[in-house]
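For the protein sequence lines, the chains are A and B, in the order given.
Each residue of the first sequence is one higher than the one before, starting from 182 at the first, in this note's numbering.
Each residue of the second sequence is one higher than the one before, starting from 3 at the first, in this note's numbering.
There's no promise every hint is true.
With a straight-line Cα cutoff of 25 Å, these simulated PhoX-like cross-link-like pairs (lysine-lysine) come out [said to hold, decoys possible]: (1) K62(B) x K928(A); (2) K529(A) x K555(A); (3) K79(B) x K928(A); (4) K62(B) x K167(B); (5) K29(B) x K555(A); (6) K843(A) x K930(A); (7) K267(B) x K122(B); (8) K419(A) x K265(A); (9) K304(A) x K265(A); (10) K316(A) x K928(A); (11) K235(B) x K928(A); (12) K930(A) x K29(B); (13) K919(A) x K267(B); (14) K928(A) x K280(B); (15) K649(A) x K193(B); (16) K555(A) x K193(B); (17) K62(B) x K79(B); (18) K928(A) x K843(A); (19) K167(B) x K928(A); (20) K388(A) x K412(A); (21) K649(A) x K228(B); (22) K280(B) x K653(A); (23) K133(B) x K555(A); (24) K412(A) x K529(A); (25) K79(B) x K133(B); (26) K133(B) x K62(B); (27) K653(A) x K235(B); (28) K228(B) x K653(A); (29) K267(B) x K653(A); (30) K391(A) x K566(A); (31) K930(A) x K68(B); (32) K133(B) x K930(A); (33) K472(A) x K265(A); (34) K253(A) x K265(A).
For the record, the hints were derived by calculation from the structure and aren't laboratory data.
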Amino acid sequence: MGFMKNKIKLFLLPIIFATTIITAQNSTLSGFVTDAETGEELISANIFVAKLGSGTTSNEYGFYSITIPKGKYTISYSYIGFKKETLEIDLEYSVNSNVELTPNSYEMSEVVVKGKKSDHNIKSTEMGTTKIVPKELQAVPVILGEADILKTMQLLPGVSQAGDGNSGFFVRGGNVDQNLILLDEATVYNPSHLFGFFSVFNSDAIKNAKMIKGSMPAEYGGRISSVLDIKMKEGSNKDFRFNGGIGLISSRLSVEGPIVKDKGSFLISGRRTYADIFIPLAGDETLSNSKLYFYDLNLKANYKISNSDRLFLSGYFGRDVLGYEDQFGFDWGNITGTLRWNHLFSEKLFSNTSLIFSDYNYAVSIVDDDIEFKVTSGIRDVNFKTDFQYFYNSENRFRFGFIGFYHTFLPGDIESNGGTINSYTVPNKYGVELAAYFSHETDLTNRLKLNYGLRYSTYLNMGPGSAKTYDKDNFVTSNSEYESWDVITNYGGFEPRFSATFLLNETSSLKGSFARNYQYIHLLSTSTTSTPIDVWLPTTDIVKPEIANQVSLGYFKNFANNEYESSIEIYYKDMENQIDYENGADLYFNEQIESQLVFGTGYAYGIEFYLKKNFGNFTGWLSYTLSKSEREFPDINDGNPYSARQDRNHDFSITGIYRFNKWWTFSANWIYYTGDAVTFPSGKYIVDGNTLSLYTERNGYRMPNYHRLDVGATMILKKTESSEMSLTFSLYNAYNRKNAYTISFEKSKTNSLNTDAVRLALFGIVPSITFNFSF
Amino acid sequence: MNKYKKMAYNNLAITVIVFQFFTFGCKDVIIVELNSANPAIVIEATISDNGLPSRVAITKSTDFYKPSLYPAVSGAKVIVDDSEGNSFLFTEFTEGIYENTIIKGKPGVEYSIEVLTEEKIYNAVSTMPSKMVLDTLTLEEAPKRPNRDDNSYQFFLRLFFQDQKGIDNYARIRMYNKGFLLSGFNIYEDKVTDGNYVNYRLIINANNGFINIGDTLTVELMSIDKAAFEFYKTANSVNASGGSGRGPSSTSAAPANPVTNWSNKALGYFSAYAVSQKTIIISY
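The following block holds chain B by itself, in its conformation from the complex:
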């Protein structure tokens, strides 16, 4: 499904380009008068089976025209209970970042989190789904597309993995280049691929300063639950960092804050995910 949509968008982009050719359409930066909103609390909490510490990041929102530096929220109390009767307390690792090294994430276990900060309690629940294993990664040079910058290369990165039949599977594909996280939320659902051996394609733009020939790309296939999928999916349409989403634009009928599983109107999400990863070198 994702692939179909993506191709549709690519080709709609061609149409827009053709129109721009005829119509001299142009883009420029303008100043829009935007209100200043009360800083809102943002909680991003993850538990994984990758052996790394479980981590909760608490920040606040800022005004659109201020630099993208977000106030960290210190002094919060964070507790996770699992469905096997264990309870874990998080400690503040650096300002606004809370960690726990004891939790060993397990598929099938339900985790409940409670965050107490500034006299408010925020709750969320997430169940770690069973893991889909990333089988193979391949890279090939994409046919030339009209909507790319002239001096960049475009690659198709393909992920091959087995979808589990009869289960609603959801995933996020996360990539790092030399340890730096690439922006965007690439997501997968098996609405039309249930039980198939999946060939998931991503477009990678290289030689653009961020990714260069010879770089090593780390690709994670994160098996996530439906709530996390809904968050990433709805976050894509308001993602100002670009990536796989189309970005927040005034043509979408009603942009809104992403769907969250937090209570009490916190932004962000809580996700327990099972991860499988591989690396690949960018080359022709």
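One chain only, chain A, in its complex shape:
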């Protein structure tokens, strides 16, 4: 019990500087909020001034600033899972106060139950926004024991999974490529491993994730459906720590520690699967020469140069490797790198400037007796970004900034080393994407808060390259060539963003928002699930930017001292310049791919219900979405509107976590959704002895409804002050439901005159066990 005292001991270490700036009536209290055990900044911690009944939250770097009239105050600092701290202060001058909060221990959580949880969800202007910290998701049961931030996101209203066990997701009826996925500000172009069964985000390296479903504030842009903003951990600047896990098919290990105590830290986190080790067990010799694995490596370092300057360097490297003897190799992966500089111009003006690199590519190599060649394709970005946050006073905050990308698209290159295949290169495409924004968050009255802003974005399709026009039979009718740095075409537009919160009373609010978004790069895929060889396509003279307008309204209500939070949100969005392709379009190694695309519009609307129990021995949430998503293309379905593939009328999930005692925690989730819209044959016919399926309507059928129960349990084996060991058990698909992954239509195996619909169910009941440790 000795360590309990240590934990309970207040860990308030305010470092107070009296600054020389004295304003007439107001003074500014500013600083960083960090975790006392590791020195990690806490994002969205609450800072509350009881006397004024107002407060603020820390930003994405843990910085806060509040400007209030001079006087004596009690300031309280709180954050989920941490002990609340209070600071008595006589604010005569502007004060810098860095605050460390101590995490709750298990023993303390009974006390915390009675504490007051943040009512940020009620009072902020954020709509359709959810935050997840990995701690919360560790208890949620998952397939093969890999806690996964993307799969937990899929349990939220408005977010639906792209397929059984798949980490791809759709937000509010949008497409997969309409989600902007950021890892430490760098775009992650392909967030999945092994055809989507795992995401690239190793939860050991993740500090925080925020999902915004379409009502983005002005600082975000570039995709029309959602933003998923993921921040990597900084690593402890207090002491060295190790944690990891050993699972059935993968293992993880992270090391973190100070570079210079309290000034800088690093984090190295790695993960590798070893499914291929088990291949020989399949009993087939030929399989034992196969390769099948992926790895992730997250690296991060930061250093505090002074109280107002801090540098961060972070990187991600991940790759999937698939191979068969020496004959075939297939590998793909992302690399991202971010160099960031936080600078405080004053206690009111915070800035961050980043230089970012992002790359996704794949390579296929084939060696056979008569051929030897390698195919490569990908996309590469260099990206500069600077953001300012100006904390004018406690009622007014401003943000402004600029972002620029230089995109390089590598559609495909075949390099032949002889044999009967020729080398072939589809020329690269280049583009510059620029955006600037301004936004103002203001408390108009005690009850009414506004956040409005404007973003202007533009896309320059750059040379070297060519612009072609095509007739209806896809023959080139004109061709203009452009030199390096020539602008072939450009597009741009204003993206207004607006959201407002009206407090009905202390525990409930009404919110409304509008957002317009432009998207300049697009993903073409021949499959409904993500594949590594999907092609990213820029906006060109033929492909116009995708544009979406979304309005949403919501009612937010908390109960029982914020023990429960709930919300109902409705939304409507329309989408312009949506992209699909002609029947039989050749997406790979096609220089004239644009000639095979067709364009149309889409719209989606829905209502989302969410109820969450935040604390107590039993926690969990329930979400239900009723929605519709349709597309209309002149060249598809005879111009009639049809359901988008991801259209699901009902999507329901319930997740429960029960802490039975100090040692055991149990969890379960159940998911039910309407089957996806799908194109099935309505008949068949014969051509040259082959039975072909006859199609009459795009997406006119439904896959069977999907439902699944997962259960899990975590047993703590040993827990001391500095270390912990636990076992996590999970059962995916506990009642062995045969959910259809695909339905194919083929000749009957029993009667060659008949044709059958054949269901492939990918996952039966999947048990797993993982051993986790930290010290």
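Go by the hints and put chain B onto chain A.
Relative to the frame of chain A, chain B by itself:
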């Protein structure tokens, strides 16, 4: 290109198998409620330089869950005009099959066809391309693959032929075993093999009841035009008979009827092709 894709698919199949090993994935036949579509007209018309009669088969589609027996369309009027000013009338040979024995297909000639049936006119045009000659056929036993049935053999059948440089060449490879047509549309294009001496590989599964050791396989290299190539290529993804296509599955983003060169929404195709053929005996 075709070869590259094929190998990629084979190896993706390995991945799926590995996953199935871990995940106990399983396949079963289920009943899906499918609508009954109005019977659609299907016209398959070919002209060749092989000296056999030119043939047009007209059928109608049927419901998915009915037996694969397709109503023949009788009493149609079929006329072909060529670019050399000749006109040919077809006669109904058996119910729904129309033939003409006078046309002698020639590379470089453009053929226009008109079919009149049930008060609708369907038109299509096809030019017979110059012939690529099938030079050699070889057969070798394939290395054991994990995705085969245990008691079957797998062979690599290789076709060697010269691609014509500077011309967009398209071909279909059609096979017969003891006179029976094998299902599937194996196709070739010279996107990455222009002007090369081509080694085209096909995988043959033998000892499975359809093809046995000792059988004689007839292989046709059909030089086809782009429209026919587009038809076969897009038909592969909706081919319920299997063969070289992956079959219509709900994972492909949007299965659709194959691209046709017929006017007025007829299914099928019209192709004038030049053919070169050889035979080979299946043996170790």
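Checked hints:
1. K62(B) x K928(A): At roughly 19 Å apart (the allowed maximum being 25 Å), K928(A) and K62(B) satisfy the hint.
2. K529(A) x K555(A): The hint is violated at about 54 Å.
3. K79(B) x K928(A): Status violated; Cα separation ~33 Å.
4. K62(B) x K167(B): 40 Å, violated
5. K29(B) x K555(A): 34 Å, violated
6. K843(A) x K930(A): Roughly 55 Å between the alpha carbons, so the hint for K843(A) and K930(A) is violated.
7. K267(B) x K122(B): 11 Å, holds
8. K419(A) x K265(A): 21 Å, holds
9. K304(A) x K265(A): Holds, at about 19 Å.
10. K316(A) x K928(A): 50 Å, violated
11. K235(B) x K928(A): Distance ~19 Å between K235(B) and K928(A) Cα, so the pair holds.
12. K930(A) x K29(B): 12 Å, holds
13. K919(A) x K267(B): 38 Å, violated
14. K928(A) x K280(B): 29 Å, violated
15. K649(A) x K193(B): 20 Å, holds
16. K555(A) x K193(B): Holds, at roughly 16 Å.
17. K62(B) x K79(B): Satisfied, since the Cα-Cα distance of roughly 16 Å is no more than 25 Å.
18. K928(A) x K843(A): Not OK: K928(A) and K843(A) at ~57 Å, beyond 25 Å, violated.
19. K167(B) x K928(A): 40 Å, violated
20. K388(A) x K412(A): 6 Å, holds
21. K649(A) x K228(B): Holds. K649(A) to K228(B) sits at ~21 Å (cutoff 25 Å).
22. K280(B) x K653(A): Between K280(B) and K653(A) the Cα gap is close to 40 Å, so the pair fails against 25 Å, i.e. violated.
23. K133(B) x K555(A): It is violated: about 31 Å lies between the C-alpha atoms, which goes past 25 Å.
24. K412(A) x K529(A): 24 Å, holds
25. K79(B) x K133(B): Violated, at roughly 30 Å.
26. K133(B) x K62(B): 32 Å, violated
27. K653(A) x K235(B): Within the cut-off at roughly 20 Å; holds.
28. K228(B) x K653(A): 16 Å, holds
29. K267(B) x K653(A): Answer holds: K267(B) to K653(A) is near 17 Å, not above 25 Å.
30. K391(A) x K566(A): Since the Cα atoms of K391(A) and K566(A) sit roughly 19 Å apart, the hinted pair holds (cutoff 25 Å).
31. K930(A) x K68(B): 15 Å, holds
32. K133(B) x K930(A): Distance of about 38 Å is beyond 25 Å: violated.
33. K472(A) x K265(A): 51 Å, violated
34. K253(A) x K265(A): Given that 25 Å is the threshold and the Cα spacing comes to 19 Å, the pair holds.
In summary, the numbered hints that this structure violates are 2, 3, 4, 5, 6, 10, 13, 14, 18, 19, 22, 23, 25, 26, 32 and 33.
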